[in-house]
Amino acid sequence: LLRRLHDYKVEHGGALLKNFFLLELPYLDRDLSVYTCDFECQRLTEQPYALDVLMLTAEAVSLNQEDIPLEQALSVVCREYGPFEPFQFDRRDIWFYGYRLGMPTAFFDFFSREHPDVSTLTSKILL
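Residue numbers for the sequence shown follow the numbering used here, beginning at 1 and rising by one.
Read the hints as simulated data drawn from the structure, not as lab findings. Beta carbons: idealized from backbone N, C-alpha and C, even for Gly. Take these hints with a grain of salt, some might be off.
Here are the simulated distance ranges between beta carbons [what the hints assert, rightly or not]: (1) S62 with R91: 11 to 21 Å; (2) D67 with E46: 25 to 35 Å; (3) T45 with E80: 15 to 25 Å; (4) P83 with A106: 31 to 41 Å; (5) I68 with T105: 15 to 25 Å; (6) P104 with R79: 18 to 28 Å; (7) E59 with T105: 25 to 35 Å; (8) R79 with E59: 14 to 24 Å; (9) I68 with G98: 16 to 26 Å; (10) E80 with D109: 15 to 25 Å; (11) G82 with E59: 12 to 22 Å; (12) P48 with W95: 15 to 25 Å; (13) Q88 with E59: 32 to 42 Å; (14) R113 with Q72: 31 to 41 Å.
Let's have the full structure, built from the sequences with the hints guiding it.
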C-alpha cells in the first residue's frame, strides 16, 4: 500500500491508515479508541519517504512482534523500499519509536546507517 501511495506521488501527512493507532484506553475527545497520529505532520524532515518507511516498519514490527522478528522486517524493507539515505533521529524520534512502538536499538542502528546497495544489505542482515 505504501509503495503504491508513493508511486502515485501521495506522501505523508494525509488521513491514511498508517496515521492511525489503536489505544488501550479511549481518549475523551476521540471516537472509541482510535486517534490520528499527528507525529508525521509535526516531524519536519527533508526525508518524507524515509519517515513513511520508518513508520510502516515500526508499526508492522510492533503489531506482529511474535510472528515477524525485526531482522525479517528489515530484510523486507531493504528489498521493497531501499536503498535510502541514513535517517537522523532526534530525541522525539527515539521516544516515539522506542517507547511508543517498542523499537529496539537495532531499529535505530539500521535506519541511521548508509545503505548503498540493497542486495548487499539484505545479505548482511540475513547472516
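Right, here's what the structure says about each hint:
Checked against the given bound of 11 to 21 Å, the beta carbons of S62 and R91, roughly 20 Å apart, stay inside it. One distance hint, 25 to 35 Å for the beta-carbon pair D67 and E46, holds here, with the actual separation near 34 Å. The supplied range of 15 to 25 Å is met by T45 and E80, whose beta-carbon atoms lie about 20 Å from each other. Between P83 and A106 the CB atoms are about 18 Å apart, so this pair departs from the stated range of 31 to 41 Å.
At roughly 18 Å, the beta carbons of I68 and T105 sit within the given window of 15 to 25 Å. The beta-carbon spacing between P104 and R79, approximately 21 Å, falls within the hinted interval of 18 to 28 Å. About 18 Å separates the C-beta atoms of E59 and T105, a value inconsistent with the hinted range of 25 to 35 Å. For R79 paired with E59, a C-beta distance near 18 Å keeps the hint of 14 to 24 Å intact.
Distance hint check for I68 and G98: the Cβ-Cβ separation is about 18 Å, which falls inside the suggested range of 16 to 26 Å. At about 20 Å, the CB distance of E80 to D109 agrees with the hint of 15 to 25 Å. For G82 paired with E59, a C-beta distance near 18 Å keeps the hint of 12 to 22 Å intact. About 20 Å separates the C-beta atoms of P48 and W95, a value consistent with the hinted range of 15 to 25 Å.
Taken as a hint, the range 32 to 42 Å is violated for the pair Q88 and E59, whose Cβ atoms sit roughly 21 Å apart. Checked against the hint of 31 to 41 Å, the pair R113 and Q72 fails, with Cβ atoms roughly 19 Å apart.
Checked against the numbered hints given earlier, the structure breaks hints 4, 7, 13, 14 and satisfies all the rest.
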